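**Student:** Given next are the chains, with one letter for each unit.
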Amino acid sequence: MTPETMSESSIPEENRTPRNNSPEPAPKTQASGSSGGSPEQQPRFATTGGVTPSKPGQKADDPSTESESGVLYLGIDLGTSRTAIAGSNGGRSSVPSVVGYPKDVVAKKLLGRDILFGDDAFKKRLSLDFYRPLEHGVIKYSDGDDKASEKAENNRRAAADLVQEAIRMANPRSDELIYAVIGCPAQASLTNQKALIDAAKAVVDSVMICSEPFAVAYGLNRLDDVLVIDIGAGTTDLCRMKGTLPDAEDQLTLNLGGDSIDNLLTELIKKKCPGSQFTINMVKEIKERHSFVNQSQDPIKVELPVEGKPTLFEITDEVREACRSIIPPIVDAIRKLISTFDPEFQTVLKNNVLLGGGGSQIKGLATALQNEMIEKLGEGTVVAVEEPVYAGANGALQVAHDMPPSYWEKMK
Amino acid sequence: MMRNSLASTLLRLVRERAQGASLKTLRKEGVEKVTVLDAAKLQELVEQAVQQTLLKRGIELGDGERDAFLAEAAEKVKDLMHERDSYKERTQSLTEEKHNLAERLAQEEQTQESLKHEIEHRDQTLQAERQSHTESLQKERQVFEAKISEVTEALDHERIKLASQIDVLKRDLESTRDELVSQRASQADRQEREIELEQQVELLAKSNAENAAATAQSASSPLAEATDSTPVADEEADYLSDPATDLPQRLREAILELIQARADRQDTQLSEEFLGDMNSLADGIVNISVGILNDLRRHALSQARSAQKKRIENLERRLDKLKGNLVTAEGLLEAAQSQPLDDSGVPSMYRSAQGLKGDEQGYESKKKLLEEVFNQNVLLRGLIQEGGASDT
Chain A
1 MTPETMSESS IPEENRTPRN NSPEPAPKTQ ASGSSGGSPE QQPRFATTGG
51 VTPSKPGQKA DDPSTESESG VLYLGIDLGT SRTAIAGSNG GRSSVPSVVG
101 YPKDVVAKKL LGRDILFGDD AFKKRLSLDF YRPLEHGVIK YSDGDDKASE
151 KAENNRRAAA DLVQEAIRMA NPRSDELIYA VIGCPAQASL TNQKALIDAA
201 KAVVDSVMIC SEPFAVAYGL NRLDDVLVID IGAGTTDLCR MKGTLPDAED
251 QLTLNLGGDS IDNLLTELIK KKCPGSQFTI NMVKEIKERH SFVNQSQDPI
301 KVELPVEGKP TLFEITDEVR EACRSIIPPI VDAIRKLIST FDPEFQTVLK
351 NNVLLGGGGS QIKGLATALQ NEMIEKLGEG TVVAVEEPVY AGANGALQVA
401 HDMPPSYWEK MK
Chain B
1 MMRNSLASTL LRLVRERAQG ASLKTLRKEG VEKVTVLDAA KLQELVEQAV
51 QQTLLKRGIE LGDGERDAFL AEAAEKVKDL MHERDSYKER TQSLTEEKHN
101 LAERLAQEEQ TQESLKHEIE HRDQTLQAER QSHTESLQKE RQVFEAKISE
151 VTEALDHERI KLASQIDVLK RDLESTRDEL VSQRASQADR QEREIELEQQ
201 VELLAKSNAE NAAATAQSAS SPLAEATDST PVADEEADYL SDPATDLPQR
251 LREAILELIQ ARADRQDTQL SEEFLGDMNS LADGIVNISV GILNDLRRHA
301 LSQARSAQKK RIENLERRLD KLKGNLVTAE GLLEAAQSQP LDDSGVPSMY
351 RSAQGLKGDE QGYESKKKLL EEVFNQNVLL RGLIQEGGAS DT
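Protein chains in written order, with our numbering: chain A, 1 to 412; chain B, 1 to 392.
Keep in mind that the hints were calculated from the coordinates and are not lab data. Please read all numbers here as calculations on a predicted model, not as lab measurements. The beta-carbon is built from N, C-alpha and C at its ideal position, and this holds for glycine as well.
Covered by chain B, according to a simulated footprint, are these stretches of chain A (three or more residues, beta-carbon under 8 Å): (1) 174-181; (2) 202-211.
So the derived label-pair ranges between C-beta atoms look like this: (3) Gly112(A) / Gln385(B): 37 to 47 Å; (4) Gln361(A) / Gln131(B): 26 to 36 Å; (5) Lys139(B) / Asn281(A): 19 to 29 Å; (6) Leu312(A) / Asp156(B): 51 to 61 Å; (7) Leu315(B) / Arg125(A): 48 to 58 Å; (8) Leu315(B) / Lys103(A): 40 to 50 Å; (9) Ala107(A) / Arg317(B): 38 to 48 Å.
No more than 30 Å apart at the CA atoms, straight line, and that leaves these computed lysine-lysine pairs for DSSO-like: (10) Lys309(A) / Lys123(A); (11) Lys123(A) / Lys284(A); (12) Lys368(B) / Lys412(A); (13) Lys108(A) / Lys139(B); (14) Lys284(A) / Lys139(B); (15) Lys109(A) / Lys147(B); (16) Lys368(B) / Lys410(A); (17) Lys109(A) / Lys161(B).
Use the sequences and the hints to build the structure in full.
**Tutor:** Right under this line is the structure:
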């Protein structure tokens, strides 16, 4: 069986809408799917992540009650590799989860900024105190003996700045109330969650935390008997949903993901291409461009310098091997979660596996996981979400939207 | 004779106007058959044509007339041939002109074609340039918008900072004003006090001078001379007029008590004269002491007054400076407030808070889940406020 892809939203990738300050009501929307109401009642901006606009007779966007300021919902997915944000103003952005601060006054003057994020920070990392504040899904050094150390504090600060940058990327208006939900790794500690709340509270009116797998499932409206797999850079999180918030026993976290593939691929390329010079970032780029797990594939040829001379190497098998390395552990983890589930619903669960996260973009991974499940568990259906990068943010946005207003008031 | 002449004329004319071509050339041009007409046949044809024409018109000519007519016809033919030649030349020139025009047209078409290609190429180049320019402009616009945002933010910060500075300055100004007012009030009090003191000193000085004169007349002792020689300034009596201290009187009493005590210890009876001398001595000592004290007091007062004056001057300078700062700050604040607040954010689609809708699929279960999420967050906030004891 070929896995299907599930559409979170039929909105194009970049659906930022132009600025519109006019108070005219009833603009058209680009939203599709479950959006209700006639065009006259629909909001002026396209929705993201399946947030449905209000229907006639409801309080949202009623021209008669339209006020100067509005309510902006934000969904934030703080990932080890990328941080994504989706807003009810149609804004949707992502940034690599890296933060840099100028090392000294000279660097600060040269860069012209106090802080850099994402690709900018990566490009200028030699001039920066460079932080990748998240590791294995949580803020670095935030637990254990190092949690009071300076490096832990620096990483917390970097994570906080990253959250603020993500909110800034959503381009909110200064006169609107901002309600945000941050998708937090299931295993995040209190210190971690506090750091995120503190960071967000500086720029939003009210903030809540929810578990990332729950946000993904909620965004896709798949809350019953579904197993969510989120393959991130640092970890792979598996979470089974049974109509309630997942407990600790419903979740498994594997310390493998994009980073472990990078490391393995590095070793394999070293063996295959002796004398070649490359960095882990170059390997990451190769993986992001060529990753696959199936058998039929055009040869992957990359140019790597050997003693300064660009040399062409064919690394098809190496890329396949590295990418396939995550399949057996993931299927083992699936088996653990399924085998401890109510026997009556194990079959349903096996045939409701959602694959998300940046790692799910590996070509053929859903099929490979499904085949492995069929081989080891007798059956299985794996569905890859269409927009893995934004699945968490879209889900968090949907949670924010559906959260009763009184709850937001209490969390202020 | 005439016939020969006509034949030769015709032959000459035909030869002159005929275009020579070899058989090879004709073959190359695809001509396989050529119709040949010799000169005699041509002459015969002409003669026949003339004869028939004349007969049609019913004209019978004699030999002489016929020859003349033939000569005239030959001339006519000659003229017609000339005319034909001219037409032929004109045709040739027109053909050449046509060829030239065709060549020019071809050249023009070629030029047009090349121009068309060039235009297309330039159009493509322009489109690419326009696209790249548009992209760069968009990037610049983004950068500019970001800068505007930063500037706006900085301006807001600056505005808040200025407002707080103005508050501080106002408070500072008020306190400085209060301080200055109190300083001026105290200075005025002090000046009044000084004036009163000076008046009292003058009165005392007059009284002392009268006493001294009386004492000098009554006793001409060395102590009295010493007392006379001591300059008693008007201000020296400051302490004498001070009812709180009454220092001169107390000093005099102390000296006299000291002398009386010594006399008592030695069981000596003091004479009236000696007591008068002692009184003079005591007055002298008192005057000298009061003079010294008044000098010191005057010096201290002058120093305090000078310091106070300097302080007042400093305070006034500070006040002027603060006033200037306040004016500048108020100007900046006014300028900042007059600038329109550019909020470049994208507005939300919602004007008010939403929440789960009643007709949502799985409303009850979602409501329960959201409540759980909320409760977890409440619990989390509680733990954070308690200091995160468990930290799990």
